[in-house]
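As a plain string of letters, each chain reads:
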Amino acid sequence: MSIAVAFEKARAEGRAVLVGCMPAGFPTVDGSIAAMKAMVEAGVDVVELEIPYSDPVMDGPVIQKASDIALANGVRVADTMRIVEAVAATGAPVVTMTYWNPIEQYGVDRFARDYAAAGGTGLITPDLIPDEAHDWLAASDAYGLDRTFLVSPSSTDARLAMTVAHCRGFVYATALMGVTGAREQTSSAAPALVARVRAVTTDLPVGVGLGVRDGAQAAEVGSFADGVIVGSALIRCVLDADDEASGLASLRALSADLAAGVRAVNR
Amino acid sequence: MTDLLLPDATGHFGPFGGRFIPEALVAALDELDAAYRAAKADPAFVAEFEGMLRDYAGAPSPLYEARRLSAQAGARILLKREDLLHTGAHKVRNVLGQALLTKRMGKRRVIAETGAGQHGVAAATAAAYLDLECVVYMGELDTQRQALNVARMRMLGAEVIPVTNGSRTLKDALNEALRDWVSSVDETHYLLGTAAGPHPFPELVRDFVGGIGREARAQSLERLQGLPDAVAACVGGGSNAIGIFHAFVPDEGVRLYGFEAGGDGVATGRTAASITAGSKGVLHGARTYVLQDSDGQTLESHSISAGLDYPAVGPEHAWLHDTGRATYEPVDDDEAMAAFQLLCRTEGIIPAIESAHALAGALRIIPKLTEELGREPVIVVNLSGRGDKDAHTAGTYFGIL
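Protein sequences, first through last, are from chains E and L.
Sequential numbering of the first sequence, starting at 1, is according to our numbering.
Sequential numbering of the second sequence, starting at 1, is according to our numbering.
In isolation and in its complexed conformation, chain E is listed as follows (with noise of 0.2 Å):
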């Protein structure tokens, strides 16, 4: 499935998409696999995999800390491959969150290449601004994947604009100024961003992420947001776990209750 009929698909349920992030390899390849399906079959509409990588500036501690684990037991980026097919498997679609390094280290153009073939949808680029972009812009039209930059509370008006000009698929909108994280409480400055990137286009889909731990958040942003995007709250259920078991199964909580959350506004 691509991530615009996944929108669309909510839009006409009158409510947002839930996107559930986990880092590729985390702890294990085939445990990450199993994660992320459990997020899939607990109600999260599309996943959010985040390749590992090992100075990751924009993510908070738990995602430091789990992408930490995930190299350590020696996820590689060719594995992004297998993940990506097995998570598509379930129906839900599957973008990718990753620095750059990684990507331009394995070829940008063969990525794109092998991660279309793999069934990803596109990518979610934290350190890659449209400015810095020209091969990746490339890539993406070549293979048809959707391409996600970032705009932040601080960006201008016209940065807003030149950069939702660059996006397919999605927008990312970040909910405040700072680092990946659950928050005790979601940003204020959520609303206006969403706002000002309506204000320049009409079709594009914006997500929110940073902050996001519950249904009761996942609520508030799902009535302004066209998606709620959840990452440290969901790992930490992984990363705090005794066992594999009692791990997924927290999981499945969390994601029953940001799917209630989105749900329980109607838009």
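Note that these hints are calculated values from the structure, not bench results.
Heads up, the beta-carbon is just placed ideally off N, CA and C, and yes, glycines get one too.
Here's a subset of chain E near chain L, in silico, CB distances under 7 Å, partners left out:
#1 SER54
#2 GLN64
#3 ARG76
#4 ILE129
#5 GLU132
Over 10 Å on every C-beta distance to chain E, these chain L residues come out as not near it, computed from the model:
#6 ALA34
#7 ALA41
#8 PHE45
#9 GLU50
#10 SER70
#11 ARG81
#12 ARG109
#13 GLU133
#14 GLN144
#15 GLY210
#16 ASP251
#17 THR268
#18 PRO367
#19 ARG386
Listing some non-contacts, in silico: residues in chain E with all C-beta distances to chain L over 10 Å:
#20 LYS37
#21 ASN73
#22 ALA92
#23 ASP146
#24 ASP203
#25 ASP257
#26 ALA260
#27 ASN266
Mind docking chain L on chain E? Use the hints.
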């Protein structure tokens, strides 16, 4: 010939440099860029900066003719004595410039990353001098190895935050400083410690430390009635090297040599020589040479010199390397320490271990230069810092402690 006007308006040195950063930082970098360009064109800012360098930091640093060393080495060696500046290294030039710019931007908090603590101490110094709040991120491992510098920073009123992520060293401290900056960019300036990172940092830091080369060039003309045959500097992130190189780049007859930290030896993999042993990639906001595996994961660097122990290099060095304008070679720990000892014993100067790499490399190229020139070469070596901070490391290395 390397284009002197680089970087271009978007911060590129050929294929290197640029901005590989979260969108959240773009506005701050644009603000910094605009503020820097305005400051550079403002005679009042330039005069204030120059006054601080002269009256507070002790610039210009002497170009010292090392006669006993020269006699032993078979070359005329002149040392650019950055070790005599306040705080004991060239880094004071960068921190004073950036702290002054911070004031100009109306911000009152600076954050900094530090490896061994030298940049942290320099940042804390400038913050105290210019009444700014200062937070320094330092890898937990480094806070243990460099407890004295942690104490110095705290004496100067800075807050030191040990970083417990990743390898708990410089690159992790840099990541954490970037994370702080993403969250605090409205009131905070990131006082980056070397000529690396996203645009405009490589250019801005180069310009603030560029006095090293401008002074050395003028001092050479006065003393030698000409220019040296070669200029040598150590390269970690590369601020002291770009600082002394930049003024000499148009002088085609002056060979530029950057000496990277070879660590245990490039062949062992325990090295910090990013240009020699690394490959093109993206790290900490710029495209440059990076020590990385085939997946683009950053490799841990190794060097006896904490100040050179960094797995990447400033993008302008990557460009000078690719264009052939400068030559980069690794210097192993043992070779650097031999030069360290030689300088101590011949000149009564204890150099920073970083700077000992520059000297070791200079000694190595003497035979080749002598052959090329058919006479004794004249070499300016950037003595970027003093070695007091390294007493423990060197004392242990030589079995004195």
